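Taken in order, these protein sequences are the chains called A and B. When you line the first sequence up against the numbering used here, it's residues 35 to 145, in that order. When you line the second sequence up against the numbering used here, it's residues -4 to 112, in that order.
Please keep in mind that the hints were generated in silico from the structure rather than gathered at the bench. Keep in mind the model is a prediction, meaning the values are calculated, not measured. Among the hints, erroneous ones may be present.
[As the list claims (entries may be wrong)] Here are the simulated DSSO-like cross-link-like pairs (lysine-lysine), alpha carbons at most 30 Å apart as the crow flies: (1) 137(A) - 103(A); (2) 103(A) - 98(B); (3) 52(B) - 78(B); (4) 98(B) - 140(A); (5) 52(B) - 103(A); (6) 52(B) - 137(A); (7) 37(B) - 144(A); (8) 73(B) - 103(A); (9) 98(B) - 37(B); (10) 78(B) - 37(B); (11) 140(A) - 37(A); (12) 37(A) - 52(B); (13) 73(B) - 37(B); (14) 98(B) - 37(A); (15) 103(A) - 78(B); (16) 73(B) - 144(A); (17) 137(A) - 37(A); (18) 137(A) - 98(B); (19) 52(B) - 140(A); (20) 140(A) - 103(A); (21) 140(A) - 37(B); (22) 37(B) - 52(B); (23) 98(B) - 73(B); (24) 78(B) - 98(B); (25) 103(A) - 37(A).
[Stated by the list, open to error] Chain B stretches covered by chain A per the calculated footprint, using a threshold of three residues with CB under 8 Å from any CB of chain A: (26) 19 to 30; (27) 36 to 47.
The beta-carbon is built from N, C-alpha and C at its ideal position, and this holds for glycine as well.
Listed here are the chains, written in short residue letters.
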Amino acid sequence: DAKTTQPNSMESNEEEPVHLPCNHSTISGTDYIHWYRQLPSQGPEYVIHGLTSNVNNRMASLAIAEDRKSSTLILHRATLRDAAVYYCIRIIGGSQGNLIFGKGTKLSVKP
Amino acid sequence: EPEVTQTPSHQVTQMGQEVILRCVPISNHLYFYWYRQILGQKVEFLVSFYNNEISEKSEIFDDQFSVERPDGSNFTLKIRSTKLEDSAMYFCASTPGLSQRAKNIQYFGAGTRLSVL
């Protein structure tokens, strides 16, 4: 079971950091954690992914717990454009790489 | 920046009719996917395609569905006889195809909204 657990919704103020949590307690050593987001009326969009180490890119940072059972997506300064549903997806190592989406976390950003 | 292109953006059809949804994946990508999202629900995997054959399909992808890469650029999803419950957004995605599939980043199109009347 590649299920992850995320809060249904979160709120943030514009210009403030946002920490979106994800639990994946049954993760195994070769499974990757990917984050995608879906802006209103658009297709999913890749955000970031990682295996063990923390990762940074131009969009966000990904902090992976030492035991890998949880991770946190960090948006350093939320903008109104970051309002979206954020999906934490565990991809099983050696699998076909298909994305199995959950309900995700709906992030609202207040001006 | 290269992108996945889907046409049409909105397709309206009568129940029982055949529809073909079209996608142009990013040109050097090797793996292709279709997903669907019924209004208000989560995105669901339908099928993955590599080397001109289906790699994996979900339970949703029954005999009414088929996929094809008719030429070097297009990737199509055909629904043979549409039902009301096929109404959804259909997203195409592609990925370069790293050997370690779990690392692959998928690039999605904007989707085709299918309305079955």
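Original post:
Where does the structure disagree with the numbered hints, that is, which hint numbers, in rising order?
Top reply: 8, 15, 16, 24
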